[in-house]
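Colleague: With chain A's structure known, arrange chain B on it following the hints.
These protein sequences, in sequence, are chains A and B. If you're matching positions, the first sequence starts at 1 in the working numbering and goes up one per residue. If you're matching positions, the second sequence starts at 1 in the working numbering and goes up one per residue.
What the hints contain is simulated information worked out from the structure, not anything from laboratory work. The C-beta atom is built at its ideal place from N, Cα and C for all residues, glycine as well. Check each hint, because a few of them may be wrong.
Said to hold, decoys possible - Simulated crosslink set (SDA-like; lysine to any residue; CA at most 20 Å straight-line):
1) K319(A) <-> G278(A)
2) K40(B) <-> A39(A)
3) K38(A) <-> V23(B)
4) K40(B) <-> L36(A)
5) K38(A) <-> K40(B)
6) K319(A) <-> R86(A)
7) K247(A) <-> V276(A)
8) K38(A) <-> D43(B)
9) K38(A) <-> P21(B)
10) K38(A) <-> E19(B)
11) K172(A) <-> S216(A)
12) K40(B) <-> G40(A)
13) K38(A) <-> N31(B)
14) K38(A) <-> C42(B)
15) K38(A) <-> D27(B)
16) K319(A) <-> F333(A)
17) K38(A) <-> Q46(B)
18) K40(B) <-> M1(A)
19) K38(A) <-> I18(B)
20) K38(A) <-> R22(B)
21) K38(A) <-> D20(B)
22) K247(A) <-> A280(A)
23) K38(A) <-> R44(B)
24) K38(A) <-> R30(B)
25) K273(A) <-> S216(A)
What the hints assert, rightly or not - Looking from chain B toward chain A, a few residues come up when the C-beta cut is under 7 Å (computed):
26) R44
27) G45
28) T51
29) G56
30) I59
31) N60
32) C131
33) S133
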Amino acid sequence: MNRFEYLRPNSVSEAVAAGSEPGSAYLAGGTNLLDLMKAGIARPTRLVDVTRLPDLDRIERRADGTLRIGALVRNATLAHDQDFVRSYPSVAEALLSGASAQLRNAATVGGNIMQRSRHVFHAALASVSDAAEDDGRYSAILGWSKACSAVHPSDFCVPLVALDAKVEIEGKTGRREVSLENFYHLPEDSPEIATVLQPGDLISAVILPARAGTFSPHTSYLKLRERTSYAFALVSAVACLDIEDGKIAEARIALGGVAPKPWRARSAEDVLKGAVPGEAAFRRAADVALADARPSRDNAFKIELSRRVVLRVLLSAAKGSPDRLPPLPSSPFSTTPGVPHDA
Amino acid sequence: MAYSINLTVNGDGREVEIEDPRVTLLDLLRNHLHLTGAKKGCDRGQCGACTVLVDGRRINSCLALAVAMDRTEVLTIEGVAGDDGLHPVQEAFIAHDGLQCGFCTPGQIMSAIGLINEGQAGDDPERIRECMSGNLCRCGAYFGITQAIQEAQNRRSGTDRRSAA
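In isolation and in its complexed conformation, chain A is listed as follows (with noise of 0.2 Å):
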């Protein structure tokens, strides 16, 4: 790790000035880039702690309908809280199934959406061998280029882009929102996972729209890795149904795990648009989803899984939202009746 300057502002106007310096990073819950100092991988000259700025750490159901999560809400402290479990059952279900609980208590809001890739650390670190053992399983299927096949790590961001969620951004010209999905850039020619950040620029908050309410009845997020727990998504995806008179009035799906950014698959949506609930129609729109899925690695297989998956989502989000977080958060287990995970 670095040496460097460590600020602490009292305001936002006063952070925003000294995150504009070069070699400058805010520091929030420091889980992801204390992780990447002390890799070497991310050296900034100056750390500015917003974790004391005031009035960041709420969450706020406006009256026009909206939710505002500041930036620095906790991570377990928004999955656990009641009113929004209830009204966005999915992205409570995929902030638990990130990280271990030490970590979610520290993590913000803000720092979820900010997450680099893993591939950061292989770009860094990897050694020839370590390159030709990498078989690609965490690599992307869509939106990939030769510059980079990462893919962007975060569980709560998947559902999030899915109902439209919008990132609120205080900088050196005021205040912004720019849609999550539109937040980050497609990676064609920086190895990077890059966002619309301008030196200075801070999360200031998530907002979610008032129709993302609709969908709590019908919603799931489902998380394929290797192990049941603490473990980055092989794939993920959420699906949200709006399910009037016994048709499909409206969906929404995204992918995690898949892409360098998350990915909305806003044909398969369409397809699924007044369209009976069932295997034949979701299997259509997982189908859509995928079309334009191609191996970036070794790694064709997770096509497939990723088909897999969007069609066993459509089916539990059918199914119902269920009444209590399942024991394990966003796991096959949770979904597949009677396979019991563990004596």
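Modeller: Only chain B this time, still in chain A's reference frame:
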């Protein structure tokens, strides 16, 4: 440039001068305050051996900067026993053989105390295991650890009739 921080550790107010801002809370506890209960297992937030409570929340102290801990309350394994004896979680770990070499044990116990305070896992061993997945035990004492947490939680909620008031 030195940074001066004030924090409470196991109930004692401490004022600490930190020369190097890279010092983590784990380093502060072990090297500066000589509280060596918290262990440096991986130093990357992956093993949980460094788990302590900060303001009542369990975190990985290896991923917290000491300079960022100003005006916080820290509880370590050295601070959980009372004047009248061990903490119920400590007793339960002993009763249920929740350790072998003991290296991960301070982190396991702090994490378990944090878990019980969070109140999410209830009496369900699957939920307990999931909520403890951030604490690795190379000796494999997971079965005893899970049982210990179940008992400690039941004692706390009064559902275990064996624990007389």
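Colleague: Confirm or reject each hint.
Modeller: Status of the hints after comparison with the structure:
Our distance criterion of 20 Å between C-alpha atoms is met by K319(A) and G278(A), whose separation comes to about 10 Å. Between the alpha carbons of K40(B) and A39(A) the distance comes to roughly 16 Å, so the proposed pair stays at or under 20 Å and holds. Of the supplied pair hints, the one linking K38(A) and V23(B) holds, its CA atoms being roughly 11 Å apart against a limit of 20 Å. Note on K40(B) and L36(A): the hinted pairing holds, with a Cα-Cα distance of about 17 Å set against a maximum of 20 Å.
Pair hint K38(A) plus K40(B) holds up; C-alpha atoms about 14 Å apart against a cutoff of 20 Å. The suggested pairing of K319(A) with R86(A) holds, with an alpha-carbon distance near 17 Å, which does not exceed 20 Å. Between K247(A) and V276(A) the CA atoms are separated by roughly 5 Å; this keeps the pair inside 20 Å, and the hint holds. Annotation: proposed proximity of K38(A) to D43(B) holds, straight-line Cα distance about 9 Å (limit 20 Å).
Between K38(A) and P21(B) the CA atoms are separated by roughly 13 Å; this keeps the pair inside 20 Å, and the hint holds. For the given pair, K38(A) sits about 18 Å from E19(B) by alpha-carbon distance, which is consistent with the 20 Å threshold. The hinted pair formed by K172(A) and S216(A) fails the criterion: a straight-line CA distance of about 37 Å is larger than 20 Å. Distance restraint check for K40(B) and G40(A): the Cα-Cα separation of roughly 19 Å lies within the 20 Å cut-off, and the hinted pair is therefore satisfied.
Proposed proximity of K38(A) and N31(B) is supported: the alpha carbons are some 18 Å apart, at most 20 Å. A distance of roughly 11 Å separates the Cα atoms of K38(A) and C42(B); the hinted pair therefore holds under the 20 Å criterion. Straight-line distance between C-alpha atoms of K38(A) and D27(B) comes to about 14 Å, which keeps the hinted pair within the 20 Å bound. Of the pairs offered as hints, the one joining K319(A) and F333(A) holds, with about 15 Å between alpha carbons and a cut-off of 20 Å not exceeded.
A hinted pair counts as satisfied when its Cα atoms are at most 20 Å apart, and K38(A) with Q46(B) qualifies at roughly 13 Å. Taking the CA atoms of K40(B) and M1(A), the gap is about 16 Å. The hint holds against a cut of 20 Å. Of the pairs offered as hints, the one joining K38(A) and I18(B) holds, with about 19 Å between alpha carbons and a cut-off of 20 Å not exceeded. With a CA separation close to 10 Å, the supplied pair K38(A) and R22(B) stays within the 20 Å bound.
About 14 Å separates the Cα atoms of K38(A) and D20(B), which keeps this hinted pair within 20 Å; it holds. Simply put, K247(A) and A280(A) have alpha-carbon atoms about 14 Å apart, close enough for the 20 Å limit, and the pair holds. For the hint linking K38(A) to R44(B), the alpha-carbon distance of about 8 Å falls within 20 Å, and the restraint holds. Taking the CA atoms of K38(A) and R30(B), the gap is about 18 Å. The hint holds against a cut of 20 Å.
The hinted pair formed by K273(A) and S216(A) meets the criterion: a straight-line CA distance of about 18 Å does not exceed 20 Å. With 7 Å as the threshold, the beta carbon of R44(B) comes within range of chain A, its nearest partner Cβ sitting at about 6 Å, so the hint holds. Of the supplied interface hints, the one on G45(B) holds, with its beta-carbon coming within about 6 Å of a beta-carbon of chain A, less than 7 Å. For T51(B), the suggested interface contact is upheld, since its CB lies about 6 Å from the closest CB of chain A, less than 7 Å.
Here the hint on G56(B) is broken, as its CB sits about 10 Å from the closest CB of chain A, past 7 Å. For I59(B), the shortest C-beta to C-beta distance to chain A is roughly 5 Å, which falls under 7 Å, so the interface hint holds. Among the interface hints, the one on N60(B) holds; its C-beta lies about 5 Å from the nearest C-beta in chain A, closer than the 7 Å criterion. The interface hint given for C131(B) holds, since its Cβ lies 5 Å from the closest Cβ of chain A, which is under the 7 Å cut-off.
Look at S133(B): its Cβ gets to within about 4 Å of chain A, closer than 7 Å, so that hint holds up.
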